[in-house]
Amino acid sequence: MTDTLEQTTKIPAGEGSGTERTNRELEAAARENEISTPDRDFTDARGAPHRGDGMGPRAAVGPSPQPTLAELSRPGRGDGKLPHAPADALDAIPEEQRRARPLGLPELSELEVIRHFVNLSHLNYAVDTGFYPLGSCTMKYNPKINEWAARLPGFAALHPLAPDTLAQGTLELLYELERMLAEISGMRAVTLQPAAGAHGELTGILMARAYHESRGDSERSEVIVPDSSHGTNPATASMAGYTTITVRSGADGGVDLDALRSALGPRTAAVMLTNPSTLGLFERQIVELLDAVHEAGALAYMDGANLNAVLGKFKPGQAGFDVMHFNVHKTFSTPHGGGGPGAGPVGVGEKLVPFLPSPRVLQEADGSYRLERSGERPTSIGRVRSFQGNVGVLVRGYTYIKAHGGSGLTQASEDAVLAANYLKQRLAGSYEIPYDRACKHEFIATARPLKAATGVRTLDVAKRLIDYGFHPPTIYFPLIVDEALLIEPTETESLETLDAFADALLAIADEAREDPETVKKAPHTAPVRRLDEATAARQPDLRWSPMTGAESPCPT
Amino acid sequence: MTDTLEQTTKIPAGEGSGTERTNRELEAAARENEISTPDRDFTDARGAPHRGDGMGPRAAVGPSPQPTLAELSRPGRGDGKLPHAPADALDAIPEEQRRARPLGLPELSELEVIRHFVNLSHLNYAVDTGFYPLGSCTMKYNPKINEWAARLPGFAALHPLAPDTLAQGTLELLYELERMLAEISGMRAVTLQPAAGAHGELTGILMARAYHESRGDSERSEVIVPDSSHGTNPATASMAGYTTITVRSGADGGVDLDALRSALGPRTAAVMLTNPSTLGLFERQIVELLDAVHEAGALAYMDGANLNAVLGKFKPGQAGFDVMHFNVHKTFSTPHGGGGPGAGPVGVGEKLVPFLPSPRVLQEADGSYRLERSGERPTSIGRVRSFQGNVGVLVRGYTYIKAHGGSGLTQASEDAVLAANYLKQRLAGSYEIPYDRACKHEFIATARPLKAATGVRTLDVAKRLIDYGFHPPTIYFPLIVDEALLIEPTETESLETLDAFADALLAIADEAREDPETVKKAPHTAPVRRLDEATAARQPDLRWSPMTGAESPCPT
Amino acid sequence: MPYGPHTPGDRAHMLDALGIDSVQALFEDIPARVRSDGIDLPGPEPELTLAGRLEALAARNRVGLTSFLGAGAYRHYVPPAVDEILRRGEFYTSYTPYQPEISQGTLQTIYEYQSLIAELTGLDVVSASHYDGACATAEAALMTVRATRRQRVLMSRAIHRHYVDTTRTYFAAARLTLDELPTLPDGTTDLSALEAALADSERPVAGVLLGHPNVFGVLEPMSEATRLAHAAGALMVSVVEPVSLAVLATPADYGADICAGEGQPLGISLQYGGPYLGILASTQALVRQIPGRLVGRTRDVDGRRAYVMTLRAREQDIRRDRAASNICTNQALCALAATVYLAAIGPHGLRDVAALGAARARELEKALSEAGVPRVHAAPYLNEFAVRIEDAERVHAALLARDVVAGLPLAQWYPDDPELRDALLVCATETTTSAEIQRFATALAEVRS
Amino acid sequence: MPYGPHTPGDRAHMLDALGIDSVQALFEDIPARVRSDGIDLPGPEPELTLAGRLEALAARNRVGLTSFLGAGAYRHYVPPAVDEILRRGEFYTSYTPYQPEISQGTLQTIYEYQSLIAELTGLDVVSASHYDGACATAEAALMTVRATRRQRVLMSRAIHRHYVDTTRTYFAAARLTLDELPTLPDGTTDLSALEAALADSERPVAGVLLGHPNVFGVLEPMSEATRLAHAAGALMVSVVEPVSLAVLATPADYGADICAGEGQPLGISLQYGGPYLGILASTQALVRQIPGRLVGRTRDVDGRRAYVMTLRAREQDIRRDRAASNICTNQALCALAATVYLAAIGPHGLRDVAALGAARARELEKALSEAGVPRVHAAPYLNEFAVRIEDAERVHAALLARDVVAGLPLAQWYPDDPELRDALLVCATETTTSAEIQRFATALAEVRS
Ligand SMILES: Cc1ncc(COP(=O)(O)O)c(C=O)c1O
Ligand SMILES: Cc1ncc(COP(=O)(O)O)c(C=O)c1O
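Protein chains in written order, with the numbering used here: chain G, 1 to 556; chain Y, 557 to 1112; chain P, 1113 to 1561; chain A, 1562 to 2010.
It is possible that part of the hints are untrue.
Stated by the list, open to error - Straight line, CA to CA, 20 Å or less: simulated SDA-like cross-link-like pairs of lysine to any residue:
| # | chain 1 | residue 1 | chain 2 | residue 2 |
| --- | --- | --- | --- | --- |
| 1 | P | Lys1478 | G | Ala85 |
| 2 | Y | Lys1077 | A | Tyr1975 |
| 3 | G | Lys521 | Y | Ala615 |
| 4 | Y | Lys1077 | A | Asp1863 |
| 5 | G | Lys521 | P | Arg1416 |
Said to hold, decoys possible - Non-contacting residues of chain P with respect to chain Y, defined by C-beta distances greater than 12 Å in every case (computed):
| # | residue |
| --- | --- |
| 6 | Met1113 |
| 7 | Pro1114 |
| 8 | Arg1147 |
| 9 | Gly1150 |
| 10 | Asp1152 |
| 11 | Leu1160 |
| 12 | Arg1200 |
| 13 | Leu1290 |
| 14 | Asp1312 |
| 15 | Ala1456 |
| 16 | Thr1554 |
To be verified - One side only, chain A facing chain P, incomplete, derived with CB under 10 Å:
| # | residue |
| --- | --- |
| 17 | Pro1641 |
| 18 | Glu1645 |
| 19 | Arg1648 |
| 20 | Arg1649 |
| 21 | Glu1931 |
| 22 | Pro1935 |
| 23 | Glu1954 |
| 24 | Glu1991 |
These aren't lab readings, by the way, just hints derived from the structure by calculation. Computed from a predicted structure; not experimentally measured. Glycine included, C-beta positions come from ideal geometry on N, C-alpha and C.
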């Protein structure tokens, strides 16, 4: 299959797309690296996949590539979990409604399943194995009590449509969590339903739309975002039916107030600001920015993904933001799960309360809790998902907030900011720090001078960090900085770790001068080396070939 | 400190002690390997241990050595789990009864704790990561439902002295488990108290002693064991105040009947037989052996560690054994925990029932259960431990037995024996198989011819297997076979795995001829290479140096 | 700070290095007017008492009742092997595999997830996860709009109410049209209404969405609906319950273009509604339109097999306002749960789950109809169905007082439909026992006597 | 076979390779007379129903009551970090680290365990684990016999009853003498009786064992007892509860030679009695006598730091009948639990555990004495003590009916001691709440009115 989309657009090298490489470039790179070795096979003469075969000696302990479940599958394996269904169980299903094709799921013993995933886990880097300074993602420690709490059967086994009387514990927790988030943010009310930050953005922007419409102000068709904004901001605007207007940042990294003023107008529905910004900088002109937004009759949306920097220091609601989202999986330590799930509650000021999605959690006069009934509040924008939210994630966030309390959260922000500034200071000699002022929880460094001097790019530095035992920071984001490294240490990493990381980056800068090839070919010690992303996109292989299916006799 | 014991005895090379090396030899080996590099330090100039320092680049993913908790500790870290005690909490404790020295425990944040142990876990080989054919240990798969069951709060949080009325669930489970084990073994009654096989042996031999004494037969002072027996058998005899008499095995691996007959006499209290034996062989003369034992007025003890081979095929109680132990952690799949815990229930024939340790689990007429009260059964040998046994392990064993049922257990034995014979067959060309008949769940192979031809020993073969991704089998045990490899595949490993393991052993045999040095220096791919065991024994370093202790202000 | 490592000395060292006296100096860029001084919440709560608080809250929920609730979230037996894997820090404390060299574990499991859902649905392209069934359905509807450049979709009213509502919310925002299709008395969607709606050439239809089984548990005429949709140039979207695919015709069997659904039944616990798993799959032809993450298999420079995120130009971080969706953080760990679940339960096991549920549902139907409580609809069902009972809400409450959750009163979702005013939607799965069914019947008899 | 991988085809392949028709051929070496044909138990039970059975059994235990039971097993707050580590297959599905090159995880954690217990006790040599407190105590007693070549030990009757009983069982077997030392009315061991017993030069004493705190919760005069023991050439064994060492004088402080104890309070759940953790530690002088595993730090041939089992000539697999003990499988995973627990709770935390327990116990004492239920003994205690109440067994039962477990009626353990006939042994830990203490007092008032 040729993917025409891929031919015309660009493919990112690593995260973000600051220095995108075209397919052509990637192909050239691939040729250069002479990718010609055939795919090493995991099967032997008998068609049996196993370790050690055809791959020569390999370590007993440590990461090793794994065959797929399909390759491991042998017809007739795996059983014992369930009683067999009576033979006539499906007699009432008309023939033409029955599954025609074989059910091609892999058949494995439980040991094979466990070993497969345990060994796959060894190929992963994670917060629980090392420092993960991925900017904008707040990879802080995930306390284990959170995991314990979410698995309490009372929480975990509760059906989402359970009558309110059966759900008082969870309802109370959600109600209290809403109030705690309101206090933390200075917002008037909070909905916990959105499943992630982007989902919260959509929810927030839909409320903004509903607000304008409720006032008959229906000509507003634009959402303004700064050029440093996260991709979800403009994508959200589009999903909500708005046109995105991008305003540039000033030389100090803040939004250019004049540019914003000229972009604002009667067509502006909302301005989405990230504060602290994706550059790790607090918008020093926040008061003026908000005034300008409101003067134009627009609403101010705060992308709260970076709230971890300003807990107890800055409350968006008090400052005048009309709506914001939280990233529970960033600020409140719920784990990132290899990509999710998270939770993206949305806080609103007074004006937007009527439009909150349904159902809200309500407290009755007798102190009990209930869910709002469908249709109970006609001003609501309606549902943004099924049921009540990523409750399992919210239990974790609640636990975290309680464990910290108000003062602990403030301390967390102070420590996160202190760590980031310290790290910035330590790198200042060897990397360019484009915005030379106090950062918040993260900061931008760039390998621009290094690249000029040695040809070693940010991508290479990042990959070389892997050889030093670290997860690379976010790279090539935000897009407005060349060769950006966005570094977020968080408050849960020790000084020793911060120093070791700084030492590694300094050592790599030296290496880049002395032995650039080693850096450019990094990583050298990871389970795999750099990948052929061009072929992946040109000839997408998105699933294993269909399995023959379970034609085997049922094992007993 | 010089350890004089170590100077006069021998230190095993690897498991067992077939080819023990003296300290002198080990020292020579160490010199040969030029151990001179200083201990690589984990601390930096600030005294801070961390990854990446002083050790140059290292992989982000994969095993890496870890500093100790003491090295990671920083005064003032770690807190938040508990409220602080009131200042006067200890006022009633007289000054001289208070702890004088500082409480030198490490101070770490929870993240550091988790990361430490997660990274340490990556240095381990385990059933959940690969094939672990450790003979005599039955490293079969540990089903995950067992782990789930043992953690059910009703089981896990039950206090061992809870009144019987609060413990009916566990009591019923234990009662039923005793009966199931009795059916499986053909014994009359079972005690679940012993914590492990060796503990079961002691319990069993103490009952034998009590039995003889109850009959006024008090001159019996010897316990007979075959030379192939596990070390726990003679050690148990000593603990129970008996002298150990060792009888040799015949050429076919079985106990030499004549030798046994001449060893037996009026001083024989018991004969401890392992059946199938530690050679993986069923005692074909078992009937004659038992007759001989009983004729001498002695009791027949069966070491049931190898019961996994004969479930549903052979019931020691029916065959005439008077007492036996089970290894729940072998036969019934409870995990080995890096060395324990296990459980070693003991089954007895009619004769020994009165002597069972207290307390037994009893069923009342109304169907409820209770524990025997202390002193209720004066014939009992008494307590062999506190409380009721390794109940958490027994819950797992119960779950396993139920999941299999009678037919499943029989099938497990058949599959274990089939796998062992298949593997034996596959190795027969390249390794010597000293006992050339059907084996049970494990078998002996030896590298004797290989050693003669190439100098490569069993130890080297074992270490080289590590490079092929496998845990080595048990080596140099039992002691009566030169250069022994005791291989136990278990029933839960797939044919592909068995073949891959055989392929690896065959490949190593070839390597031994072509490139013996590579094999002799193996492993090459493990987190560490061969160790200096001589220095470890000569200058034992059994703990980190005492910590200064928590003089730091309590963190808040 | 309960989880922070910094000692006063550590902080002093860092402040020193920065040449400042206090961390406050780092917050001076916050204008005084909007600077706040702290959060008005109680102080840190030690884990000991916090654990007690959480246990008490959890205990206030009542989860041990005899329950016949389904309606989009289903209780199933989940092999403990699933949670054993989910608890591994290497999986749950990692993030989006931006650095494929040290994320092959996550990447391969996503590839396996894609492959397994492809096997289940018969569709070749599977997005690595969406928020839940409702959001996946809304995204599917938006996909049809993007792919056809038409502005209107038709959605059966017998799709899960929350999915219809959510899609409506999304559509309202984007100024797109969503028309609901009526149902017939037998519980299936009215295909003549579909035909008529498709015939409106003024308002060409981008996609047709049907649930299968639908919200009433009933099997829809998917083949016929697909034929009609395709004839009108519309795409067909099937909204499925994934376990049912073990025994029911797959979207590929009847020619659907897109499949959306809720993956919760595949090894994910109920958790009062989330995190769940939005399943979204399509034919190869729509690979450029599908939103969300895709992982592809490729090689590294040494020719080793390896996995990487691919076709990323559909995603927001590359495409920004022209992305296929704004989704970023997704439900990856839930997709891992589904992957381990499917591997652990296997094809025979999944078929048993589906068939046992059907068998138990039939037993339930029999018990209820013997108690004088008949089905509402006549069309075949799998393991969920609606029954008619006078005064349904009151009966439901009375049964609740007897610790029986008699499913969902459908009036909650269809308040204006007289047909459903007295309907309860009940469901059985492989975890439903005959004893529970008996308890239901007995309680019912008590309540009505 | 629920967990077996072998398909009929796999079995056929293996039989083929062996040239036999049936697996029965492999069992023909079992003489027909003793061959059995199967096990008379029900067939395999699918996990679904088995899980239900187990849940039902577990639910028949009642663990949520207000309980003041201690007496050798204690409820504590265990940070969930502990179980997170214990659940890692790399730890719990490995075995004895015979191959150090691929077992450094287990080996280092044992070394850390040894070091932590050394820090707690002040003694330098720590055995890597014994079965439980009782067995560790018995092994300690046997150690004194081996080290002194004397045949008699003195054991306070105020050591945990099970430990005395167990040691007696071990000693009876080995034909060794165990004499019990009486206690004084204040709850401490009678040191004049000790002095007298030590003076019997016909029957020289190998070791003196005291509990600290003892079974009545009372602190013993350890220094004085140690002085007496040493003066008579006997070794001193202190039987401890490890959490108490955070605040109490350590065995090293008062000069004990050996320390034994139950490690359960260090992060191990109650589990109706096991698996627990037998702690055994000694001075450096006794390193050759200590039974059980020892791990030492050394280097590999490249000079890398590494850990290995050492001084193995004490163990059964090397020394056979001359081994220091028959122990083989031990309680390694429980030692890991204690290691993670101590690392997670830290020195401040452990001190809080001990001190909070003491504070709550004092609160309990006050509440009970106000209710007219005084202490039995006068000597200082830490967090456990005996109270006198008329008709103790009946009151205990009546309180149980009110869901209060009023500790342990000591008559169960000391049936012949009139002083203890009406005694309840009660305990508090950091998990005990004031509300629970109040509930106890209230129930008591009800029961006695
Ligand atoms: C600044 C910013 N905004 C929005 C988001 C979107 O949040 P989510 O990934 O939870 O959808 C992110 C996270 O990636 C972010 O960093
Ligand atoms: C044959 C044999 N007997 C006895 C034992 C002792 O059992 P345990 O290790 O449980 O004490 C073992 C285990 O190592 C064994 O293999």
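For which of the previously enumerated hints does the structure constitute a violation, in increasing order of number? The structure breaks hints 2, 6, 7, 11, 12, 15, 21, 22 and 23; every other hint is satisfied.
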